[in-house]
Every structure is written in C-alpha cells, then in structure tokens.
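Enquirer: Below, each chain spelled out in residue letters.
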Amino acid sequence: NAGVMQNPRHLVRRRGQEARLRCSPMKGHSHVYWYRQLPEEGLKFMVYLQKENIIDESGMPKERFSAEFPKEGPSILRIQQVVRGDSAAYFCASSQGQGTTFFGQGTRLTVV
Amino acid sequence: KNEVEQSPQNLTAQEGEFITINCSYSVGISALHWLQQHPGGGIVSLFMLSSGKKKHGRLIATINIQEKHSSLHITASHPRDSAVYICAVVTGANSKLTFGKGITLSVRP
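Protein chains in written order, with the numbering used here: chain S, 1 to 112; chain R, 1001 to 1109.
Keep in mind that the hints were calculated from the coordinates and are not lab data. There's no promise every hint is true.
[Stated by the list, open to error] Listed next, the in silico DSS-like pairs over lysine-lysine satisfying Cα-Cα at most 27 Å (straight line):
{"#": "1", "chain 1": "S", "residue 1": "K44", "chain 2": "R", "residue 2": "K1068"}
{"#": "2", "chain 1": "S", "residue 1": "K44", "chain 2": "R", "residue 2": "K1101"}
{"#": "3", "chain 1": "S", "residue 1": "K27", "chain 2": "R", "residue 2": "K1068"}
{"#": "4", "chain 1": "R", "residue 1": "K1101", "chain 2": "S", "residue 2": "K62"}
The shape of chain S in the complex, shown without the other chains (with noise of 0.2 Å):
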C-alpha cells in the first residue's frame, strides 16, 4: 500500500497558467479531501470528495478553482488563469469514512 500518492511535488507555474495537482487515496479509500496551506498560515478546508460527487466545495474559492474525482484515475484539483496568491502547498488526505485521514506529501505550488 503505497499510501496517498500526490503528484507533482513541485510545481512551477507562471501567473495566468493553469495548474493541475493530482491525488491518488489510500487503496480501498472512497473519500478525498483537498487541504491548502498557505506560507506562514494553518492548514484550511477546500473541498471534500467522493468517487463522481463532490460533497462539501465550502472551502473552495468560487473563481479559478475546481477539483474532481472520477470513477477510475486520481482526484485532481484544478487552479485556472494562477495568481501569485495562489502559491501554497496543497494537500491531498484520503479516509474510508470515519477511520483515520492519511495525507499525501503534498504539492507545492509556486507562481511566479
């Protein structure tokens, strides 16, 4: 079990890009959840997903931003036109419900 696998680690986009991270779950796991860090802040809710539905989008800038979770391949999240405010890492965590969260290494995002 390869445990929550995030792709890239680093990515480098200049502003008015479009940035796309990926998230494969823990094996068996049927719920994502997208978490952004921004430098020198906490860790804030984005959007919470399950396979075909998003659940909860409550953290989710309403412009730019959108994320899924087909039925087969990762979760992505997608970062339209970038800004140098979107510069963070984003972090991708994976459960089966109610059992324990397990996290990616996360993606750095740098716009520039």
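Go by the hints and put chain R onto chain S.
Expert: Frame of chain S; chain R shown alone:
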C-alpha cells in the same frame, strides 16, 4: 477567535526533556488528530482519538471531551522530534478537519 487554539506558539527544548503541547477547541467534535509536519515535508498523522489516552513509543496523547482540551506529550525528547505539531478536529457529517496553527518544536542536542 479560532475554533482550534494551540499553545505554546513556539517551543524550544533540550534533548531528553519532557514536552507537552496543548490544544483547545470550541466546537463539537467527533475526533481529534495530532499531526506532525517536518519542514518542507508531508503531514503524518500521529494519533486520532475521541476519548481517553493513546500511547505510541515516546508519544502520548490525551483528550478531555468535557473540557474540550487535548495534550500531546513527548518523553525523552530527541532532535529528530523537531517539527511542527498540528492539532486538528473532526467536525460535521463530512468528517472534514479544522486545524490549529501548529506549534514549532525545536529540540536542541
């Protein structure tokens, strides 16, 4: 006021010392996590607990649901324990996490 407060804000200790990190929360929770993050690194869940006490190696975590308070203790601290320790509570039907700001622990040899 944040829903999850941690204290102290930063902590420096000498190798071998007993360390306590505290977490208080103001919301109803179903469970609480203690997480560890090394600089530039990923996040590791040390404990998830909803009552009582858990122990793993040199780490002990306790929670008092009535007082809405949890503590993480590190016995015989070591420089490799230097990291950020984050308290996170599980709230709501969706089991999403709400985080404290984290405590930066530095253990000197």
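Enquirer: If a hint holds in the structure, say so; if it doesn't, say that too.
Expert: Structure-based check of all given hints:
1. S:K44 - R:K1068: The given pair, whose Cα atoms are some 21 Å apart, holds under the 27 Å limit.
2. S:K44 - R:K1101: holds, 10 Å
3. S:K27 - R:K1068: violated, 33 Å
4. R:K1101 - S:K62: holds, 24 Å
Checked against the numbered hints given earlier, the structure breaks only hint 3 and satisfies all the rest.
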